[in-house]
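Participant: Sequence:
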Amino acid sequence: MIFPLLAEAATQAVSMADKVAIVSSTAIAVGIILAAAGLGSALGWGMICSKYIEGIARQPEMQPKLMGQMLFTGGLMEAFPMIVLGMSMWFIFANPFIGALG
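Counting from 1, one number per residue, gives the positions in the sequence shown under UniProt numbering.
By construction, these hints were calculated from the structure, which means they are not laboratory data. It should be emphasised that the depicted structure is a prediction, and the values quoted were computed from it without experimental measurement. Do not take every clue at face value.
[Claimed, not checked] Here are the computed lysine to aspartate or glutamate pairs in the DMTMM-like style, where the Cα-Cα straight-line distance is at most 25 angstroms:
#	residue 1	residue 2
1	Lys-65	Glu-54
2	Lys-51	Glu-61
3	Lys-65	Glu-78
4	Lys-51	Glu-78
Using the sequences plus the hints, can you model the full thing?
Facilitator: Below you can see the structure in the form of structure tokens.
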């Protein structure tokens with residue numbers, strides 16, 4: 001009578017340890033992903049703005065056209081961290097890996 005209860009308790013303990021490992025690993029991975037997305041966006045903005053200034057220095061009459069292209073490309077670059085943030089929230093709040101444990 002006691003042995004089946006002990007076996008069930010041991011199975012639940014392993015399952016809880018697995019869930020803790022998955023949740024903690026997911027939190028670390030989400031932090032790394034968000035940091036990389038923010039860093040990539042910041043570096044991209046820096047490159048876009050430097051090329052914009054170089055383009056204006058070469059051809060000042062192209063400034064309005066270059067500004068429009070710079071802002072459009074920068075907007076696309078700003079969307080990337082927001083998409084990554086949404087995916088990260090999905091992994092934190094609706095973690096698909098915990099459901100695989102059963």
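Participant: Could you tell me which of the hints above the structure violates, numbers in ascending order?
Facilitator: none
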